[in-house]
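Colleague: Sequence:
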Amino acid sequence: MIITPCEVFDCNSCDHYTAARCPGCPEGNGYLEKRGLDVCGIFKCAADKGIEKCGDCSQASCEFSRGTDTICPLRGKFENRRWWAGRLARAVGEHDKCAVEDCEKISDRTIDRVRWYLTALDLFLEQGIGSVSSWQLAQRVGVKAPLIRKDLSRFGEFGTPSLGYDVKYLRKKILDILKLNETRHVLWVGARKLREHLPELERVCQHNCHLVAVLDLDPSEVGANIGGVDVQPLENLAAVLEDMSIDLAVLALDPDEAQKVANTLTRSGVTAILNMTSSLLALPEHITVRNVDIGGELLALSYYCAKSQNAAKK
25 MIITPCEVFD CNSCDHYTAA RCPGCPEGNG YLEKRGLDVC GIFKCAADKG IEKCGDCSQA
85 SCEFSRGTDT ICPLRGKFEN RRWWAGRLAR AVGEHDKCAV EDCEKISDRT IDRVRWYLTA
145 LDLFLEQGIG SVSSWQLAQR VGVKAPLIRK DLSRFGEFGT PSLGYDVKYL RKKILDILKL
205 NETRHVLWVG ARKLREHLPE LERVCQHNCH LVAVLDLDPS EVGANIGGVD VQPLENLAAV
265 LEDMSIDLAV LALDPDEAQK VANTLTRSGV TAILNMTSSL LALPEHITVR NVDIGGELLA
325 LSYYCAKSQN AAKK
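All letters in the sequence shown, in the order written, are residues 25 to 338 by our numbering.
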């Protein structure tokens, strides 16, 4: 099988190659070079590095992440430049990624918006939409298009000018950003709340977060099956943490018990907790806690309600 260095085209299945209109990268670029013409930048880069294809490159970033419509002088003769420029941009973009831990500190607000982008892309995919512009994504999420482009640019270059974003490709990249390319095991404490939020959890399971254990203080809940998992008594918490590799925990139990359970989770190495109680948890700094408190949110909304009313009177 003959594949181009950029790994975009399979020459064996290419009509241009089998019809002898395209001599292939080695011969074609040799032909251009002998005549003093510009050769394919990716081909020359791979040759200079002594590698066969971009996938073999260990360089942190790729110089061809922009301006890909001028890279391939061979294919430009036969195909719509915008079409193959988009394919090149997505292929080469794999080598222009920025690991989150190596970037400037990413704010919580940015991560919050990125997960909404993922939700929107899931809906686009369900509707059979293959590509979207930043403004289409903005309309679905409810933020401005420049902010979306700025957020995504913190992690790499995923779009193509005038072409927008490939939905499947961007969705895959966001899964990588949120580290959802790795399986996450979720422990849930509080069966009643789990029943209420089961649809949301089923959607999360589609993104590699799997419910593996459910615990509850109420004896009447023990033994029930929720989401395919049997409810265990809370007293089994230590044994569950020892037997299972738990990544994320959800606390949806009595507020008076939340701190004690959180302490046990922390001692067992759980570093990410969703707190759905009204109790504020006092935990070490390296533990990430997200609080979901409907009562507290309503109290905060009172401020914004008054702010809007005052603005309307002016």
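Among the hints, a few may not be true.
In silico DSS-like pairs for lysine-lysine, Cα to Cα no more than 30 Å straight-line [stated by the list, open to error]:
id, residue 1, residue 2
1, K168, K58
2, K217, K168
3, K58, K68
4, K217, K174
5, K284, K217
6, K174, K331
7, K217, K68
8, K58, K73
Pairwise CB distance ranges (calculated) [stated by the list, open to error]:
id, residue 1, residue 2, range
9, A43, T143, 24 to 34 Å
10, G74, S157, 33 to 43 Å
11, A262, K338, 26 to 36 Å
12, T42, W159, 19 to 29 Å
13, D136, L304, 13 to 23 Å
14, G79, S332, 12 to 22 Å
15, E281, L147, 19 to 29 Å
Keep in mind that the hints were calculated from the coordinates and are not lab data.
Don't be surprised by glycine CBs; every beta carbon is placed ideally from N, CA and C.
Colleague: Now tell me, hint by hint, if it's right for this structure.
Modeller: Going through the hints against the structure:
no. : hint                     : in the structure
1   : K168 to K58              : violated, 49 Å
2   : K217 to K168             : violated, 34 Å
3   : K58 to K68               : holds, 14 Å
4   : K217 to K174             : violated, 36 Å
5   : K284 to K217             : holds, 19 Å
6   : K174 to K331             : holds, 29 Å
7   : K217 to K68              : violated, 59 Å
8   : K58 to K73               : holds, 21 Å
9   : A43 to T143: 24 to 34 Å  : violated, 45 Å
10  : G74 to S157: 33 to 43 Å  : holds, 39 Å
11  : A262 to K338: 26 to 36 Å : violated, 59 Å
12  : T42 to W159: 19 to 29 Å  : violated, 40 Å
13  : D136 to L304: 13 to 23 Å : holds, 20 Å
14  : G79 to S332: 12 to 22 Å  : violated, 53 Å
15  : E281 to L147: 19 to 29 Å : violated, 37 Å
This entry does not satisfy hints 1, 2, 4, 7, 9, 11, 12, 14 and 15, going by the numbered hints stated previously.
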